[in-house]
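Colleague: Position chains B, C, D and E against the provided structure of chain A, taking the given hints into account.
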Amino acid sequence: MDIASVIGVLLGASLLAIAIMIAPGASFGAFVDYPSMMVVIGGSLAAALICFPLKSFLNTIRVAKNVFFNKQQDLSELIEQLVSLAETARRDGLLALEGRLEEISDPFIVLGIQMAADGTRPEVIEDIMRTEMDAVATRHRNGKSVVDQMGRFAPAFGMIGTLMGLVIMLGNMDDPAAIGPGMAVALITTLYGAICANLLFLPFAEKLGFINKHELLGMEITVRGIMGISRATIRG
Amino acid sequence: MDIASVIGVLLGASLLAIAIMIAPGASFGAFVDYPSMMVVIGGSLAAALICFPLKSFLNTIRVAKNVFFNKQQDLSELIEQLVSLAETARRDGLLALEGRLEEISDPFIVLGIQMAADGTRPEVIEDIMRTEMDAVATRHRNGKSVVDQMGRFAPAFGMIGTLMGLVIMLGNMDDPAAIGPGMAVALITTLYGAICANLLFLPFAEKLGFINKHELLGMEITVRGIMGISRATIRG
Amino acid sequence: MDIASVIGVLLGASLLAIAIMIAPGASFGAFVDYPSMMVVIGGSLAAALICFPLKSFLNTIRVAKNVFFNKQQDLSELIEQLVSLAETARRDGLLALEGRLEEISDPFIVLGIQMAADGTRPEVIEDIMRTEMDAVATRHRNGKSVVDQMGRFAPAFGMIGTLMGLVIMLGNMDDPAAIGPGMAVALITTLYGAICANLLFLPFAEKLGFINKHELLGMEITVRGIMGISRATIRG
Amino acid sequence: MDIASVIGVLLGASLLAIAIMIAPGASFGAFVDYPSMMVVIGGSLAAALICFPLKSFLNTIRVAKNVFFNKQQDLSELIEQLVSLAETARRDGLLALEGRLEEISDPFIVLGIQMAADGTRPEVIEDIMRTEMDAVATRHRNGKSVVDQMGRFAPAFGMIGTLMGLVIMLGNMDDPAAIGPGMAVALITTLYGAICANLLFLPFAEKLGFINKHELLGMEITVRGIMGISRATIRG
Amino acid sequence: MDIASVIGVLLGASLLAIAIMIAPGASFGAFVDYPSMMVVIGGSLAAALICFPLKSFLNTIRVAKNVFFNKQQDLSELIEQLVSLAETARRDGLLALEGRLEEISDPFIVLGIQMAADGTRPEVIEDIMRTEMDAVATRHRNGKSVVDQMGRFAPAFGMIGTLMGLVIMLGNMDDPAAIGPGMAVALITTLYGAICANLLFLPFAEKLGFINKHELLGMEITVRGIMGISRATIRG
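Here the protein sequences line up with chains A, B, C, D and E, keeping their order. Using this note's numbering, the first residue of the first sequence is number 29, and each one after it goes up by one. Using this note's numbering, the first residue of the second sequence is number 29, and each one after it goes up by one. Using this note's numbering, the first residue of the third sequence is number 29, and each one after it goes up by one. Using this note's numbering, the first residue of the fourth sequence is number 29, and each one after it goes up by one. Using this note's numbering, the first residue of the fifth sequence is number 29, and each one after it goes up by one.
This is chain A alone, in the form it adopts within the complex:
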């Protein structure tokens, strides 16, 4: 559970709610408009659906939950674990690594250690592990792209909704008293677009990029560690 992102979303939402509550003459009801939500969220989703193949789009949901549920890997712990595995291999041979597979939770390390224990050639291990790394990187990069695009389309559809509201309002100006509320409703779509982009999509995309970079760094360390184990033991 990534506490900073949770705090961020809650803090942002509370601040906006408090600002509405303490403003004289304001009510939450004035800020709820379902057609505006439909235009902003639906429109951003529609534009993102056009941009990407369905598979990439659906995959984003899996990637996006990382914003909140990603537990940042501790790189020093990872290095310690790899060093300890290397010692086992040096002392008791590559086969002994199999006995330690159960204590490893990261499936990427398990993949590498399993291959090393089976005596797979180091070049083959590296090739397979790097292919897996590339696949993870592509999946994450696409996930980030989808959220990035939604952060780019949300304000655009906010503006589209406001323009639609203004066109409707300006075409029906018989009742001057209705102009104010009409404009208020029209502006809500722009407000939704700005909030979606700046409190959700853009920060989420930024965080996904950060997580992705950290995870790939961990995988790079793992690949190098396992290559070291596999090569040293063979040469030894």
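Just so you know, these hints were derived from the structure itself, not from any lab. One or more of the hints may lead you astray.
Repeated chains share a single entry, so a pair holds when one copy, or any two copies, can fit it.
[Stated by the list, open to error] Heads up, simulated BS3-like pairs for lysine-lysine below, C-alpha to C-alpha not over 25 Å straight-line:
hint: 1; residue 1: Lys241; residue 2: Lys83
hint: 2; residue 1: Lys99; residue 2: Lys241
hint: 3; residue 1: Lys93; residue 2: Lys83
Modeller: What follows is chains B, C, D and E alone, placed relative to chain A:
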């Protein structure tokens, strides 16, 4: 048929239609203005025509239909097919590949296999295939550029149309009752520009870039596969 | 004569003219304002003059006419011509190339063939031709930069003119009937800036970039062809 | 103490204060609105919190004070110090370096000299020093990113606050006299966002980037100097 | 004296002045507002002061005068001079170069020729000249950065001033007749920001970049020429 893009366009269009239908006092008629369409779509086309040679511009139409009718190549199937061709070549010789040409539908693979079966030298095969790849990449990149530029010019011509409408309206303010509807009509051009850019051109350009990258990846795999077949058999 | 650019400019201009003609209550006169033209076009020119040395600025005029009068070189014809020259050189020796100089229209090929026929060493030929290529590339790139900058400054001076108009108008609000027309005139400058940028400068810059890339590709092919001719004959 | 940044902030703040004081009919009170501050500063913080892990976010505070309290390292002094250390090493041997450790204040030089004096192999020294450099670079880059993002989110939350104020105002237009002050309050949020971004966050991020580049240049010189000391003495 | 930049600034300023003079009902007085100048120019300076160390900031003034007083070096003359120096060295030896030092005005060439005449080793000459080149490049790049940043901050402080003016005006709407002039004054700050950025800072930054590139090209040619002189004579 790329289902995500079709869903995206339909979803986006329906959402905007529903938003108009449920808005009190709105009618579809208020959102139809032919001169505005002419300025936004015609203007974006005109600007794009200036940007590119006629051939690149016309070619875009062919490339653009990929947004909807592109069937994403299954890369694992492609690899399987290349492996199976390699086995045939190893078992029965390069000449045997000719017997399998009929079952291949991708003309790029046919090109490579034909040359391999004819005993063309691997370097020459690679040269010819890479030249073809470059030509495809350039054609697609230009196609994407045209759509990108249209997504950039559409909002600009939307603004140009609105400015023209405002100049006309502000010069004829004898009848105050006409101000509202006049502004409504003026704003419709900006609305058209925003919708064209954000629901059509920009997502289409994004998708074309995605398809292009995927197709080039498939071609790269094909080139490497056929080089492998051609080299192995010669050395063997 | 590049037909696409000519069509583009005519199409764009006609569309805007038609839009004015069919708008009720509009007249061309309402869209002509000489001080606004002066601010937008003069201001963009002034800013571009500051950006570049006078020589680069004047050179742009020569480069810019390429947008309309550039005849795109046919690369297959170019390759055919080089192949035919190579055959002459192989059959009849380098000296025979001189007899064919008259039929070549491209001065860059003439430059290379002349040197090859004179028996200049291949390295020297390449050096001289590449220096010429660099000079052409720099000249074109600077030309494109000037037009690019004008496309960037035109909307800015459009806004400057509108702000000036608004300041004048807002300072003289004795006659409420003059407010509408005053704002109309103020907005015309923004309109001019947007049209100059989006129908002229930005597409022209884009086209110049395209032409430049194509021309350099042709020169690269020429250099390689002439190097081939010169080297093969020497070795032979 | 970096005098330019201190002068900059004080100058900017005084200018805005003076502009308010000399404007007829203005009072400082009209520019203080706590809910607007809450939305702009709180919102930017919330968005930045979502973007980064908590550790990177908290680390920014440590990095950000560099804007004011960074004393730019004098590179010629640094080079002199390294030259003098090299002379000691050449004259009296690497061990003699230990005697000079006390006079060095920069912990990065101390780290390197300590290792050189201990006879650590040059490659190992370089490896350890470069790893430390990378860690510093990453820490600073993340710090700059956080401030950059806040400079990007502040104007966005300024606009969000203004839109909220407008929606509230437009929904309560019974009293026409309240419209002006209502809009004034709504605009203050945009003003806060613009000031935070342009007088604080964006210049701070720029400065942090500048400091970071200078510090890494100093570290690079240090690494090369110590490598020279360590290698020369070993070879000698 | 760079005539293009001088013409550009004078042309731009005259155009704006003429536009004011010929506008009916306009007076120069309406466009002069000292607090607005203070906010735009002072604010941009303040923000730029925060961005850079004081030394880089002060150095900009020296670099910025290049926009007007830079005499573009004639590269063919430079090459001729280097060729003539090379001939002297070849005919009369390196020592003879000392006799020609007086006729050289460019201190960078003097530096190189002095070292060559003194018999300094070519590698050492190159090292020293390139270090000098790097120092010049960094100084110029920083100078351009400062002007670039001011071009970015000027419109932002223009908007800040306008927002401040609007907040003051909207809070004092007792006298409807004051609204127009109040808004006029508020808009002047945005106008100043746009003029400063688009007629001064941004074109100046562009020009500084151009000058910098040209000067470094001249220095590169000089370094290569002097290396040639020094190497040829030693080998000879």
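Colleague: Confirm or reject each hint.
Modeller: Here is what the structure says about each hint:
With identical chains, the CA atoms of Lys241 and Lys83 are at most 25 Å apart both within one copy (22 Å) and between copies (16 Å). In this assembly of identical chains, the alpha carbons of Lys99 and Lys241 lie at most 25 Å apart only when taken from the same copy (14 Å versus 32 Å across copies). For a Cα distance limit of 25 Å, the shortest separation of Lys93 from Lys83 qualifies both inside one copy, at 16 Å, and across copies, at 20 Å.
Violated hints are absent here; each numbered hint is respected by the structure.
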